[in-house]
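Number of protein chains: 4
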Amino acid sequence: MRCQPVPEDKFSFGLWTVGWQGRDPFGDATRRALDPVETVHRLAELGAYGVTFHDDDLIPFGADDIRRETAVKRFRQALDTTGLVVPMATTNLFTHPVFKDGAFTANDRDVRRFALRKTLRNIDLATELGARTYVAWGGREGAESGAAKDVPAALDRLKEAFDLLAQYVVEQGYDLRFAIEPKPNEPRGDILLPTVGHALAFIGRLERPGLFGVNPEVGHEQMAGLNVPHGIAQALWQGKLFHLDLNGQSGVKYDQDLRFGAGDLRAAFWLVDLLETAGYDGPRHFDFKPPRTEDLDGVWASAAGCMRNYLILKERAAAFRADPAVQDALRAARLPELARPTAEDGLAGLLADPTAYETFRPEVAGARGMAFEQLDQLALDHLLGAS
Amino acid sequence: MRCQPVPEDKFSFGLWTVGWQGRDPFGDATRRALDPVETVHRLAELGAYGVTFHDDDLIPFGADDIRRETAVKRFRQALDTTGLVVPMATTNLFTHPVFKDGAFTANDRDVRRFALRKTLRNIDLATELGARTYVAWGGREGAESGAAKDVPAALDRLKEAFDLLAQYVVEQGYDLRFAIEPKPNEPRGDILLPTVGHALAFIGRLERPGLFGVNPEVGHEQMAGLNVPHGIAQALWQGKLFHLDLNGQSGVKYDQDLRFGAGDLRAAFWLVDLLETAGYDGPRHFDFKPPRTEDLDGVWASAAGCMRNYLILKERAAAFRADPAVQDALRAARLPELARPTAEDGLAGLLADPTAYETFRPEVAGARGMAFEQLDQLALDHLLGAS
Amino acid sequence: MRCQPVPEDKFSFGLWTVGWQGRDPFGDATRRALDPVETVHRLAELGAYGVTFHDDDLIPFGADDIRRETAVKRFRQALDTTGLVVPMATTNLFTHPVFKDGAFTANDRDVRRFALRKTLRNIDLATELGARTYVAWGGREGAESGAAKDVPAALDRLKEAFDLLAQYVVEQGYDLRFAIEPKPNEPRGDILLPTVGHALAFIGRLERPGLFGVNPEVGHEQMAGLNVPHGIAQALWQGKLFHLDLNGQSGVKYDQDLRFGAGDLRAAFWLVDLLETAGYDGPRHFDFKPPRTEDLDGVWASAAGCMRNYLILKERAAAFRADPAVQDALRAARLPELARPTAEDGLAGLLADPTAYETFRPEVAGARGMAFEQLDQLALDHLLGAS
Amino acid sequence: MRCQPVPEDKFSFGLWTVGWQGRDPFGDATRRALDPVETVHRLAELGAYGVTFHDDDLIPFGADDIRRETAVKRFRQALDTTGLVVPMATTNLFTHPVFKDGAFTANDRDVRRFALRKTLRNIDLATELGARTYVAWGGREGAESGAAKDVPAALDRLKEAFDLLAQYVVEQGYDLRFAIEPKPNEPRGDILLPTVGHALAFIGRLERPGLFGVNPEVGHEQMAGLNVPHGIAQALWQGKLFHLDLNGQSGVKYDQDLRFGAGDLRAAFWLVDLLETAGYDGPRHFDFKPPRTEDLDGVWASAAGCMRNYLILKERAAAFRADPAVQDALRAARLPELARPTAEDGLAGLLADPTAYETFRPEVAGARGMAFEQLDQLALDHLLGAS
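Chains as they are written, first to last, in my numbering: chain B, 1 to 387; chain Y, 388 to 774; chain X, 775 to 1161; chain Z, 1162 to 1548.
Hint data in this document are derived by calculation from the structure and do not stem from the laboratory. Zero decoy hints are in this set.
In silico SDA-like links for lysine to any residue, alpha-carbon gap of 25 Å or less: (1) Lys701(Y) x Ala1093(X); (2) Lys933(X) x Ala1500(Z); (3) Lys933(X) x Ala1526(Z); (4) Lys1320(Z) x Thr1051(X); (5) Lys1475(Z) x Pro1485(Z).
Small disclaimer: the values here were computed from a predicted structure and weren't measured.
The shape of chain B in the complex, shown without the other chains (with noise of 0.2 Å):
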């Protein structure tokens, strides 16, 4: 087994990953910042192929332009010496207490400008770096009381946003997507878009949709306690995923983002073997948090780890897919059956068949078993390489 990734496999991070200091609701930074370019350096020498970020991360909320140059031209030395690319970046919309009330649906008009001004400003900066996947996470865009927030309302807002970042992007003609990050609560009590469902519900209302997918992260859909595996499964269903977040999460309580493996590692299977068998060829892209507890060894090697993991797991889900036993465990479950369609033969022909209701035996139907548990416990000895 390889365990030990290399570019081709499209790991990304966040500078925001790996350099998280620590600071939790309830506790100080435990470890120092990290410089972009140190962290360049680190994720190549792991195995990394790209590396992300929001514009805060690279250059500090205010800086002037002397400063931002210099951020940008240092950071993209350690691109070109590294090799490392830049294929996603963002815009931090949540840090700063303007933003405390949201940003694009912020009460406050002038907010909502400052925040459309900041992102269309980080999309030149993320272009020119070679982004071609532009992340909206939207994590205050939301409210914790019913009459703070008029939802309608917050949508049109919502909507006219979006519309006037892709006009821009079209009309610079950047080659750029946009993918919006849904989550359902925290740091605000309730968060729109809460779910993928709900982000690619709300794409069909854009002028542009083609322009706008979803970034689904792992953690954020199990906070509703949602199957993870499915969501992505309808993204990918409906053409729509644009990249995603890989990490760990242990249920519904607060957004923990643990290393990808760690949390529900029986959805991490189902995800990577979906996104393998599925051919989606973008990054594996890890949003995680290296635990408060760690010093800078320990955050590097959470790194290594969520990386390791998607090996494993990726050589599992491809040794389960190849097992005949499986193959036949499939065909009992009828798997194969599912992917025909239900009436080739059309309304008409489905009306006009007594067999599919007249002289149907439910009872008969009723009783086949359908084969799963022995389905899932190959699955599952595939998983644990007990085979």
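The hints should help you fit chains Y, X and Z onto chain B, whose structure is shown.
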């Protein structure tokens, strides 16, 4: 305060709600079966305007044509006598063992065909009885284990099914729309289209999306920890709130189906406020289960409570909106600003406006309080009748 | 209805509640620090009777003795001026990085010793300022991964710590009791003593169990989906409700610390009903965080709301209990029968009684309705002021 | 790796587990009833050592004495033939409508008396069949609404019931201990003694606490989002792990009762690690429900999977503990330090030690990494057989 319902309130109940006999995963029935005729009369006496049904609520599964006709005839007479209408009907695709792996997405093709025919048959009856909405709850379209359901294939089958149903309705010239009802889990480990968002997104991929909307159920969204008024607001915003199921749920746990007003009372208040201010004019449909502890007196008390609570909340929400102090508080919280476009000046105007970025002072804007706590306390005062 | 609090209501607030500056996992502070003296004066004006503190709320971590004495002196003067009392104090064992793996159960022994000394020091101050209850919230006594914490060893250390603290209090002759505060998770993935039940059970293993009780926090229990009044009723039943933290939480998610009355309103009603009918005479302590969206006006509005809501609910609960219709409904639901022993006749009498088994007719007994829906509707009517 | 179970593994199953017919809240039975004799034989063939039962699993509710004796005799013969033992028995106090408001805490006193007599009767049979543990799951001891259950009174009744049962066991000279099984909710909205912690605390108030321990069920704790190994570790620490129910659950939702190994796999690994390293020598009892999709072949495959997964995890946990690299990692994470007392020098020594406070340097201690991520990755590698 008027707490006595009248038909103009458009309250409706499913036969299966008051008719629930109290069979749960750990216990046998505690109540006798109700005759649908008795139910219609009792609901009319209580002030309801409508009654809804699954095919099998009215006509036992597998009944012959004579029994079927008798059942329909008696039901129709009860409707005629009482003046109750049938605004909605739906199909039972979950009780019989034949549906143990789902209906439209069962791995077994013959089960899928039977499910479609069963649904088509009941659409005829629904239309005959005057229903304008046909609800589809795919409660067993899901899985307990990862390989048991190929989700993209299952979504293909689900789309195929709904496209066929819509074709039938159009070909028959029926004035009937479909409302898809999402649920995250139970009775399956995970159910496809788990939330309002996923259902809305799915609808966008159908052949005749205009014929499809959603039927959100309060408790179903709350089982995923989601904010119900937010989800329903998005459905309204997308023009897709075709019907809804009102009930109560105490957080993330098994499906409780408590009477409306039980469970999360503040969410119920905001939901009524939303429906009434948005001008939703469809049925206020209760899909609840009177607890298993109750005898039939308790059943009817529970049904009456659903309507009473809606009326109380409606009055309280109206008083909240009409209160000048609330209007001041909404202004203080800048809700009117949220209703304004962010950039009537367009992208060019926004980019050219230095006050949007270059001279904008985030510290000043960030120091403004949003005044949400005062607003929310006013709302709570109104809810409690303590203002 | 009296909604204006007076000291006799025994409302108290932590310095850290109104003093929270709004730093959250995704954002910087939105409010300036409050001087404890300012807080004491404002709380007194609002009608509170008490103020509570962590050592570091009053005296910055690491402050020298002069700074310490000055801080204490100014605080004491404010207490004297306003008449506010200090019914409770506690230790901050979570903010500084040294506590990143916990305090009394940190793997590092020197950290554990430091944590004990820090606590002992603040116990002296607490006693000096008149506190009779010392709260212990072990927010970082936990883990994110399985091998990182040997739970039986950690419980040994936790017991050792509490036994030492109790020994100190006894040796010093302090009139002080400890109240352990449970929480299921956040900021650690899982926290030891996650619920009221676990803390109560743990107390039974201490050397001086009589000195220990619990300090349940509304939101903490709700983060585990538990019924708060039930848990607090068990604490009362076990004679262990030494203190409590009132606030609001919207279900199973991150720790929200909303003002009391926000979140699950019906649970708040039943909690007030329980406290008032059980004769709980300790402080009604609010441990909440005014949302980050608020400026200081919003902070004080939020604090005032906590007290107002308690008073409204108290009046509504009293009216509910006094209503003759409610008393009839309680009888109909056989609550008086629950208050009777099951077998005053003892085991022998029970075994000899044929009506208890041999001639008992379960079908007849099983057919009795419990009349709970009617009772609950009366409660809701009273809560809503609609009876 | 040995995956084939033998009696020495002490695997046991309830009659009601493999015998579950698949009736759920939304569907009818999908499988025929199993004869207990058939079950005993099949379990023996699969390698189990024990079988457990509710009274009504063996003898239908209300059966006359002849039917009872026949059933017991046939069951006993099957045990004799196969060598299977009955390590535990329990009472069905939830299926019949008479228990709709609970059993030992039903508001109706005659129901409580009947429940006690039903339990006493089955204790006789349990003892006769050799059981040494009697499980008490009070699944309906709870409520859906606030006033319906006076919790302190209900706890009085619960205590009264257990005290009577213990008196009986002592008077009869039975060698039998009770294990209370907690569950947070379902089938009641909230259940008394919702977690392991609450049950442990309650036991401390009984007349004969030594006769009582807990029977934690994996899925029940996970329904409250709790860490199962942590809760069971506390039960072990308090000397109260008398029995346990192994199964699988996918997070906070309805009670799934999946086979052991399904659901949260990492929690299952840590649980097996805990049981094996703590020297727990009781039965490894599976309380699961083969999914309703399965026929009887699937039922037995599911039962076999429970045991297979335990054995795989046991081997993996042993390899983890034996690995020198793990031992190094445990040292690096200072687990051995956690096993040392914090203050062997006693309170006086601690107070006199300047290194504990006066000269302690929190910044230095706070900068140490805990090395938990490396340790957890080693654990995951062992779990996956990828080390």
